[in-house]
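For the sequence shown, position 22 (counting from the first letter as 1) is numbered 44 according to our numbering, and the numbering increases by one without interruption.
Relax, there's no trap hidden among the hints.
For each label pair, taking beta carbons as the anchor points, the in silico distance ranges come out as: (1) 88 to 31: 13 to 23 Å; (2) 60 to 101: 23 to 33 Å; (3) 73 to 34: 43 to 53 Å.
Think of the hints as simulated: they come from the structure by calculation, not from any bench. Beta carbons: idealized from backbone N, C-alpha and C, even for Gly.
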Amino acid sequence: MHLYMQTPPGSGAAPRYCRIALEQDLLGGWTLYRESGSEGGRATLKREVYLDRDAALAAFEQARDVQIKRGFKVMITQGVDAPHG
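Between the sequences and the hints, there should be enough to build the whole structure, so can you do that?
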């Protein structure tokens with residue numbers, strides 16, 4: 023499951039982006055990746071591991087909702103049933 027979100031470009035500033043991905047590992051756990059930064063600039067990648075799918079999905083949805091409240095718009099979705107925003 024992947025989401026790519028972006029802020030509208032400001033005056034003379036590169037737009038900011040956020041990529042949120044949820045992937046299952048080989049042992050049955052789930053990893054939530056949150057990457058953010060400026061287009062063409064430095065990025066920050068954070069990773070969280072969850073043992074069950076429900077907790078991982080709740081964290082994915084919470085991360086998405088936080089970014090939407092910060093002004094990010096969903097640009098690309100992959101493997102998401104009902105995108106929000």
